[in-house]
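Asks: Each chain is listed here by its residues.
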Amino acid sequence: MVCQQCKKHPATVHLTDLVKGEKRERHLCEHCAATEGISFKQHVSINEVLNSFLMTQAGVQELIKMRCPDCGMSFVEFRNQGLLGCPKDYDVFGEALAAVVQRAQEGATHHTGKRPGQTVKLDPRQQRRLELQRELRAAVEREDYERAADLRDRLAELDKA
Amino acid sequence: MNLDQLVHECGEWLKAGGPMSDVVISSRVRLARNLAGHRFLSKASPEERAEIERTLFDAIRSLEFGKNTFYVDVEQSDPIDRQFLVERHLISRQHAEGEGCRGVAISTGETMALMINEEDHLRIQVLRRGLNLDDAWNQTTEVDAALEGVVEFAWHRQYGYLTACPTNVGTGLRVSVMLHLPALKLTNEIEKVLRAAKDMRLAIRGLYGEGTEALGDFFQVSNQVTLGAGEEEILNGFKSEVIPAMVHYEREARRQLRTQSPAALDDKVWRALGVLENARVISSEEALFLLSHLRMGILMERVKTIDLEAVSELLLGTQSAHLQKRLGRRLEGQERSVLRAEYIRKRLDQARPSNN
Numbered sequence: 245m246v247c248q249q250c251k252k253h254p255a256t257v258h259l260t261d262l263v264k265g266e267k268r269e270r271h272l273c274e275h276c277a278a279t280e281g282i283s284f285k286q287h288v289s290i291n292e293v294l295n296s297f298l299m300t301q302a303g304v305q306e307l308i309k310m311r312c313p314d315c316g317m318s319f320v321e322f323r324n325q326g327l328l329g330c331p332k333d334y335d336v337f338g339e340a341l342a343a344v345v346q347r348a349q350e351g352a353t354h355h356t357g358k359r360p361g362q363t364v365k366l367d368p369r370q371q372r373r374l375e376l377q378r379e380l381r382a383a384v385e386r387e388d389y390e391r392a393a394d395l396r397d398r399l400a401e402l403d404k405a
Numbered sequence: 004m005n006l007d008q009l010v011h012e013c014g015e016w017l018k019a020g021g022p023m024s025d026v027v028i029s030s031r032v033r034l035a036r037n038l039a040g041h042r043f044l045s046k047a048s049p050e051e052r053a054e055i056e057r058t059l060f061d062a063i064r065s066l067e068f069g070k071n072t073f074y075v076d077v078e079q080s081d082p083i084d085r086q087f088l089v090e091r092h093l094i095s096r097q098h099a100e101g102e103g104c105r106g107v108a109i110s111t112g113e114t115m116a117l118m119i120n121e122e123d124h125l126r127i128q129v130l131r132r133g134l135n136l137d138d139a140w141n142q143t144t145e146v147d148a149a150l151e152g153v154v155e156f157a158w159h160r161q162y163g164y165l166t167a168c169p170t171n172v173g174t175g176l177r178v179s180v181m182l183h184l185p186a187l188k189l190t191n192e193i194e195k196v197l198r199a200a201k202d203m204r205l206a207i208r209g210l211y212g213e214g215t216e217a218l219g220d221f222f223q224v225s226n227q228v229t230l231g232a233g234e235e236e237i238l239n240g241f242k243s244e245v246i247p248a249m250v251h252y253e254r255e256a257r258r259q260l261r262t263q264s265p266a267a268l269d270d271k272v273w274r275a276l277g278v279l280e281n282a283r284v285i286s287s288e289e290a291l292f293l294l295s296h297l298r299m300g301i302l303m304e305r306v307k308t309i310d311l312e313a314v315s316e317l318l319l320g321t322q323s324a325h326l327q328k329r330l331g332r333r334l335e336g337q338e339r340s341v342l343r344a345e346y347i348r349k350r351l352d353q354a355r356p357s358n359n
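So the protein sequences, as listed, match chains G and W. Quick note: the first sequence uses our numbering, first residue 245, plus one each step. Quick note: the second sequence uses our numbering, first residue 4, plus one each step.
Note that these hints are calculated values from the structure, not bench results. Glycine is no exception: its CB is placed at the ideal position from the N, C-alpha and C atoms. There's no promise every hint is true.
[Unchecked claim] If you want a taste of the chain W side facing chain G, the calculated C-beta under 10 angstroms gives, among others:
(1) A62
(2) F68
(3) A167
(4) C168
(5) G231
(6) K242
[What the hints assert, rightly or not] Result set (BS3-like, lysine-lysine): computed pairs, CA atoms no more than 30 angstroms apart in a straight line:
(7) K201(W) <-> K251(G)
(8) K18(W) <-> K365(G)
(9) K365(G) <-> K70(W)
(10) K309(G) <-> K46(W)
(11) K358(G) <-> K46(W)
(12) K349(W) <-> K307(W)
(13) K18(W) <-> K195(W)
(14) K309(G) <-> K365(G)
(15) K70(W) <-> K18(W)
Whole structure, please, built from the sequences with the hints as guidance.
Replies: What follows is the structure in structure tokens.
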């Protein structure tokens, strides 16, 4: 489908609106949608990442030859569908995949979160503290000092407990 | 427990209420996991798929939390039942439309749904009403740890939890919050929120997640990056920065409407109620659009004769699969719209305090 506005680029933003009770569908390209202030940033499309990645790679021939001995997934197939075939692919595709991951994850290369067998509990007191601090900032901003004093007391109490 | 019993109930997390519920409809936490020693689904044979499903099903059943779940075989389900599960946010559209053996274990109260064989072997999802990510996360991590006691998940020293798509690798954690932003839409300030979301590396999507348009005034905000930040960091960013900022924008816009154009505001709200109470034929899109305005009107205390519970129920109940399951038969186009209008009129009539 072509964008209804510019009639040039593919329409990727689909909207349903109601105008005076009438359903109105609009199909726009990202650019036209953005100029109208409608912008729906999708999750980083893995295909986009892969496309832009492959074009900048010099060793394309090497990449084309890569194939996982376990599941049979080739790098080209991964490039086309965006999904890996088995856990081993993460090692088999080595640096090429590392670069894809880095792009898809805004520069991140290593996991820093929980490890198998761990649980990560959130502390409800920490949550409460953040809320109170936020309210306090807001109270100070609108110069509601009575409320701010009250909030400060409650924060102090929370720290004591 | 089975699907037919759910029809007359409103999922616990979809009921009105919860923290910041004037703007935040619900909070969702999702973890993507795959069994070690198995291929991902794109390369798994039908036999391996079945084995994965059985292994995970048995694991869930063997655990304490699993005793309070019921299992729906999505592959064998009727298309209306699948759509029904999508409308309730218990499975994704992708899971409904997928192929091969797959299913979902749903907890009583519908606060948790474990999708088996969606894009990854397992997707643990926990839902809460309003902004309540702590609670949602704590249940998620408990279930994840309990499962790790009986099965081994694919894990990598560098990448953490391995997923079929590299966009989920690491924590496998996707945090989504559903927001109701009618005032920002009316004041044409919605782009402010979208821009803020972009700056914070977030994705904004429609009511039903991935690949769906933003419908009416409901938006789903979620994190994009799953690697390189701890679970706590991802969650804290959401609950202490992202969502409060968006809630603030929406509340400001409502305040602005109330002070600067009360007549226009009331007109929108009362027209919405007027149409809902009188329409004889109505599409689900129009119903959603009008219910959004009505919800805003009730929360802003412009309409005091309808309770919020009725609106929450209608938001779900007017959707196609829900309507068809409620009436117990397949409905086509026009007939569906007629019966939808009838259902709305009846439900709103019951909602009036004088009838309670």
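Asks: Would you mind marking each hint as holding or not holding in the structure?
Replies: Against the structure, the hints:
{"no.": "1", "hint": "A62", "in the structure": "violated, 14 angstroms"}
{"no.": "2", "hint": "F68", "in the structure": "violated, 13 angstroms"}
{"no.": "3", "hint": "A167", "in the structure": "holds, 5 angstroms"}
{"no.": "4", "hint": "C168", "in the structure": "holds, 6 angstroms"}
{"no.": "5", "hint": "G231", "in the structure": "holds, 3 angstroms"}
{"no.": "6", "hint": "K242", "in the structure": "holds, 7 angstroms"}
{"no.": "7", "hint": "K201(W) <-> K251(G)", "in the structure": "holds, 26 angstroms"}
{"no.": "8", "hint": "K18(W) <-> K365(G)", "in the structure": "holds, 26 angstroms"}
{"no.": "9", "hint": "K365(G) <-> K70(W)", "in the structure": "holds, 23 angstroms"}
{"no.": "10", "hint": "K309(G) <-> K46(W)", "in the structure": "holds, 18 angstroms"}
{"no.": "11", "hint": "K358(G) <-> K46(W)", "in the structure": "holds, 27 angstroms"}
{"no.": "12", "hint": "K349(W) <-> K307(W)", "in the structure": "holds, 18 angstroms"}
{"no.": "13", "hint": "K18(W) <-> K195(W)", "in the structure": "holds, 29 angstroms"}
{"no.": "14", "hint": "K309(G) <-> K365(G)", "in the structure": "violated, 45 angstroms"}
{"no.": "15", "hint": "K70(W) <-> K18(W)", "in the structure": "holds, 24 angstroms"}
Hint compliance for this structure: hints 1, 2, 14 are broken, all remaining hints hold.
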